[in-house]
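Trainee: Take the sequences, apply the hints, and build the full model.
Quick note, the sequences are listed as chains A and B, same order.
Take 766 as the starting number for the first sequence in our numbering and just add one per residue.
Take 145 as the starting number for the second sequence in our numbering and just add one per residue.
Hints listed in this document are in silico derivations from the structure and should not be mistaken for laboratory results.
Just so we're clear, the structure is a prediction, and the values are computed from it rather than from any experiment.
Treat the hints with care, as some may be off.
To be verified - Just so you have them, the derived chain A footprint on chain B, three or more residues with Cβ under 8 Å:
#1 217-226
#2 230-240
As the list claims (entries may be wrong) - The calculated lysine-lysine pairs, modelled on DSSO-like cross-linking and capped at a C-alpha distance of 30 Å, are:
#3 A/806 - B/279
#4 B/279 - A/808
#5 A/828 - B/279
#6 B/209 - A/793
#7 A/808 - B/214
#8 B/209 - A/806
#9 A/793 - B/249
#10 A/808 - B/225
#11 B/214 - A/793
#12 B/225 - A/834
#13 A/806 - B/225
#14 A/834 - B/209
#15 A/828 - B/214
#16 B/228 - A/808
#17 B/209 - A/808
#18 B/279 - A/793
#19 B/228 - A/806
#20 A/806 - B/214
To be verified - Computed footprint of chain B on chain A; a stretch qualifies when at least three of its residues, placed anywhere within it, have a C-beta under 8 Å from a C-beta of chain B:
#21 789-803
#22 806-813
Note that beta-carbon positions come from the ideal geometry of N, C-alpha and C, so glycine has one too.
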Amino acid sequence: MRKNNITNNVRRLRFDAEEMTQQELAEKAGATRQTIHHIEKGKYSPSLELAFRIAHVFNTPLKEVFQYKSEEQ
Amino acid sequence: MKLTFRENSLWFALIALTLMFVKTFISLIIPDFSNSDILFFYNIFFVITLPMLAYIIIFSLRNPKEANQKSDERNVIIENKSYKYSYIVLIVSHFHINLNIFLHKPTSTIAPILFLYFTFSIIIMISMKLFYYHKGV
Chain A
766 MRKNNITNNV RRLRFDAEEM TQQELAEKAG ATRQTIHHIE KGKYSPSLEL
816 AFRIAHVFNT PLKEVFQYKS EEQ
Chain B
145 MKLTFRENSL WFALIALTLM FVKTFISLII PDFSNSDILF FYNIFFVITL
195 PMLAYIIIFS LRNPKEANQK SDERNVIIEN KSYKYSYIVL IVSHFHINLN
245 IFLHKPTSTI APILFLYFTF SIIIMISMKL FYYHKGV
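Mentor: Structure, rendered in C-alpha cells:
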C-alpha cells in the first residue's frame, strides 16, 4: 500500500472545538463517520474539496488542518 | 470494533453468496449432489435471506439516519476499486466460457460455470469492499 505523506490535526481540532464528535464533524463536513475516522488514523487522504470543508468547519486555514511531508524531509 | 450497517449487510450477502458458490461448485464435481437443489436453496433462503431482511428492516426502523446514509467520496472510491476486480474476474470468465463452447462441452456444464463465475465476481466485489473498509484506501 502506498505510503501516506499527509498528516493532519483533525483529532486535536475536534478536541479544541468543545470535544466535537466524529459524527458531528462528519455531518458538518458532508462525509460519513467512518471517513473521518480513517482520515484521523491517516488511512485515507481526503479530496481537496473535503479537506476544505473540514477546514471550514473548524474555521481555520487548510494548512492548519493538513500538512504534507515530502520524501526528502 | 463496531461494524456499520453497510458492512453488516455486506457480510450477510457474502455468506449467502459463498454458500451458493460452494454448493454449485460441489454439484459440478459430484453430479448426485445437484438432486438436493430445491431443498438447499430453500434452506439458504430461510437461514440467510430472512435474517438479512429482518436485520435491514429492524435497523432501518431503529436507526433510520445511518440506514439512509448517503455514500461519500471514500465509499465511491471503494466501490470503484471493488468493481475493477469484479470486472477482471468477469473478463477472465468470458475466455473460459468461450473456450468451453469452442471445445463443444455440453451446455449443462456451461450454465453452472457461468453461474459460478458470475457469483464469484460478486463475491470478489463484496470481499474487496470489506477489505477496503477495514484497511483503508
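Trainee: Under the constraints set out in the numbered hints, which ones does this structure not fulfil?
Mentor: Failing hints, ascending: 2, 9, 14.
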